[in-house]
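As you go down the protein sequences, you meet chains A and B in turn. So that you can map any letter, position 94 of the first sequence is 94 in the numbering used here, and since no number is skipped, the others follow by simple counting. So that you can map any letter, position 79 of the second sequence is 79 in the numbering used here, and since no number is skipped, the others follow by simple counting.
For the record, the hints were derived by calculation from the structure and aren't laboratory data. Accuracy of the hints is not assured; some may be wrong.
Stated by the list, open to error - Derived pair list, reagent style DMTMM-like, types lysine to aspartate or glutamate, alpha-carbon separation capped at 20 Å: (1) B:Lys55 to B:Glu252; (2) A:Lys132 to A:Glu169; (3) B:Lys165 to A:Glu54; (4) B:Lys181 to A:Glu53; (5) A:Lys2 to A:Asp56; (6) A:Lys88 to A:Asp141; (7) A:Lys29 to A:Asp174; (8) A:Lys105 to A:Glu127; (9) A:Lys132 to A:Glu53; (10) B:Lys181 to A:Glu54; (11) B:Lys181 to A:Glu84; (12) A:Lys105 to A:Asp174; (13) B:Lys181 to A:Asp56; (14) A:Lys29 to A:Glu190; (15) A:Lys198 to A:Asp216; (16) A:Lys198 to A:Asp181; (17) B:Lys165 to A:Glu190; (18) A:Lys105 to A:Glu54.
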Amino acid sequence: MKIQTQSLCFYYHRQQVLRDINLHLPANKITAITGPSGSGKSTLLMAFNRLWEEIDGCRISGEVFMHLNGQNTNIYNPTLPLLELRRKVGMVFQQPNPLPMSISKNIAFPLRLAHIHDKRLVGQKVESALRKVALWDEVKDRLNDDGRLLSGGQQQRLCLARALVLRPEVLLLDEPTSSLDPDASAAIEELLLSLKTKCTLIMVSHYQDQIQRIADLHVQVLNGQCSISSNSLPENPSNRLSMN
Amino acid sequence: MLRSYSPSEYLFFTAAVFSGLLTAAVFGFLFFFGLPLLQSGQLADVLFSSWAPGKGLYGIYPMLLSSLTLATLSMLISFPISLGCSFIITALAPLRLRRVLLALIRVMTGIPTVVYSFAALFFLVPLMRNLIGHGSGMSILTAAPVLALVIAPTMILFFVNSFNKVSPRFTLAAEALGCSKIQKILYIILPQAWPGVINGILLGFGRAMGDTMVSLMLAGNSTAMPEAVTDSARTLTAHIALVLAFDFDSMEFKSIFVCGLSLYLLTALLMLLFRLSTAYFSQAR
């Protein structure tokens with residue numbers, strides 16, 4: 001088990017968003033989270049990297065255990081260094097959100113935060129991260145351009161590369177393809193499948209066909225409660241993608 | 001095609017023109033009454049000589065210099081404190097404390113400066129008298145920290161406002177990547193919000209130049225040229241307030257129109273800089 005929640009409840013001001021969530025999510029799988037809008041899908045994601053703590057009015061109860069650095073860790077243990085957690089648990093948002101800086105600085109940003117300043121090492125890591133998301137060939141001649149000048153699909157791949165540069169064990173994805181056209185979406189989906197060997201992926205998605213193509217598990221959030229099922233079409237998802 | 005205006009639009013338009021004209025009228029008024037002094041070719045004398053009415057000298061140079069020194073000194077004290085406070089309010093303090101602090105700062109903007117000065121008269125002036133070792137304890141150095149306190153809330157609110165305008169998309173993205181609070185300030189907020197910081201400084205400086213009560217009550221009001229910040233000094237604003245008691249026909253009285261004119265132009269220049277920098281930076285983005 002990579003992630004386990006115990007009686008997880010989430011409140012936004014006085015409203016209870018999630019009720020008594022007990023989930024077991026396996027390692028190296030893609031778990032899709034679905035549900036009507038406002039049902040708490042993104043909230044559930046933010047419970048895994050504690051990002052809700054940056055938003056006013058949020059409160060949580062219950063526990064989340066995560067297998068990190070080879071150890072089962074309670075991520076809400078007050079002695080756990082929060083920044084370490086967020087470096088192990090990457091996140092990609094619904095809207096591509098490149099930072100207001102150059103393409104290479106965007107990718108190097110997490111390294112800078114982790115105090116990795118060796119220029120050659122940073123350069124290597126930037127290149128390999130950009131190659132991983134198949135963006136290197138498109139941007140290698142304009143690494144100093146502002147990241148916000150890229151197309152939507154390129155921006156989202158940039159954000160994915162940025163999330164991957166610190167080699168996270170878990171990757172949270174909040175509707176990563178909802179603002180992209182079909183071609184760009186397909187490219188991202190293919191990437192996510194290729195990441196499964198190194199990462200545990202948890203993805204909020206609206207698209208039934210997308211879930212059927214790439215997800216191994218399916219968590220449905222409804223009225224603040226979750227039900228989990230293995231994906232209805234259990235054949236090898238990468239085969240299905242090529243079949244389409 | 002001509003668009004027709006409703007009566008309320010005419011009303012607001014008239015109000016806008018009227019308030020614009022009012023500012024221009026103040027300038028005209030100062031200019032008109034300062035004219036005799038300007039015409040007699042004494043402008044340079046007034047601007048660059050010292051104040052000795054007994055000798056027929058009505059110069060405001062010491063006051064001009066005192067105003068600028070006091071404003072600069074209080075800015076030097078106030079800026080780091082204000083910047084630090086706004087970091088605490090926007091990023092460092094727990095969410096609940098941020099709201100409390102911000103409310104306190106808002107209250108501070110409403111406290112009349114005479115209250116600060118009055119308190120300082122009892123606590124700061126005796127302390128400075130002992131520290132300086134001579135004189136009344138009233139000096140530029142005494143007024144500066146109090147003026148710093150007076151202009152701080154204005155600057156803090158302006159800084160906080162510009163920090164809060166940084167898109168949460170950027171800050172959340174950075175936080176999700178394991179950004180500490182300090183790193184968030186240094187790498188995300190400041191690079192985005194520094195035009196707002198510059199504008200806050202300009203506004204704060206304008207307030208410092210324009211404040212009357214603090215310098216009137218604490219700087220000592222000596223018309224002599226200040227040679228050190230520990231000297232008693234009189235600012236332009238305090239000078240106007242003090243000379244108002246003179247006979248309307250006297251030269252002393254006439255000279256304060258030039259004071260008013262100088263303050264008017266200095267403040268207008270600051271506001272012009274403020275506008276230009278705002279326009280420049282919003283274009284650059």
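Structure-based check of all given hints:
1. Between Lys55 (chain B) and Glu252 (chain B), the direct Cα distance comes to roughly 12 Å. Compliance with the 20 Å bound is thereby established for this hinted pair.
2. Of the supplied pair hints, the one linking Lys132 (chain A) and Glu169 (chain A) holds, its CA atoms being roughly 16 Å apart against a limit of 20 Å.
3. Between Lys165 (chain B) and Glu54 (chain A) the CA atoms are separated by roughly 16 Å; this keeps the pair inside 20 Å, and the hint holds.
4. Taking the CA atoms of Lys181 (chain B) and Glu53 (chain A), the gap is about 12 Å. The hint holds against a cut of 20 Å.
5. Annotation: proposed proximity of Lys2 (chain A) to Asp56 (chain A) is violated, straight-line Cα distance about 29 Å (limit 20 Å).
6. Proposed proximity of Lys88 (chain A) and Asp141 (chain A) is contradicted: the alpha carbons are some 30 Å apart, above 20 Å.
7. For the proposed pair Lys29 (chain A) and Asp174 (chain A), the alpha carbon gap of about 16 Å is at most 20 Å, so the pair holds.
8. Among the hinted pairs, Lys105 (chain A) with Glu127 (chain A) is consistent with the structure: their alpha-carbon atoms are about 12 Å apart, no more than 20 Å.
9. Under the criterion of a C-alpha separation no larger than 20 Å, the hint pairing Lys132 (chain A) with Glu53 (chain A) is inconsistent with the structure, at around 31 Å.
10. Annotation: proposed proximity of Lys181 (chain B) to Glu54 (chain A) holds, straight-line Cα distance about 10 Å (limit 20 Å).
11. Proximity of Lys181 (chain B) to Glu84 (chain A) is assessed by CA-CA distance (about 14 Å); at most 20 Å being required, the pair is judged to hold.
12. The straight-line distance between the Cα atoms of Lys105 (chain A) and Asp174 (chain A) is roughly 23 Å, outside the 20 Å bound, and the hint therefore fails.
13. Straight-line distance between C-alpha atoms of Lys181 (chain B) and Asp56 (chain A) comes to about 15 Å, which keeps the hinted pair within the 20 Å bound.
14. Annotation: proposed proximity of Lys29 (chain A) to Glu190 (chain A) holds, straight-line Cα distance about 14 Å (limit 20 Å).
15. Distance hint between Lys198 (chain A) and Asp216 (chain A) is fulfilled; the C-alpha atoms sit about 15 Å from each other, no more than 20 Å.
16. Proximity of Lys198 (chain A) to Asp181 (chain A) is assessed by CA-CA distance (about 27 Å); at most 20 Å being required, the pair is judged violated.
17. Taking the CA atoms of Lys165 (chain B) and Glu190 (chain A), the gap is about 37 Å. The hint is violated against a cut of 20 Å.
18. The suggested pairing of Lys105 (chain A) with Glu54 (chain A) is violated, with an alpha-carbon distance near 24 Å, which exceeds 20 Å.
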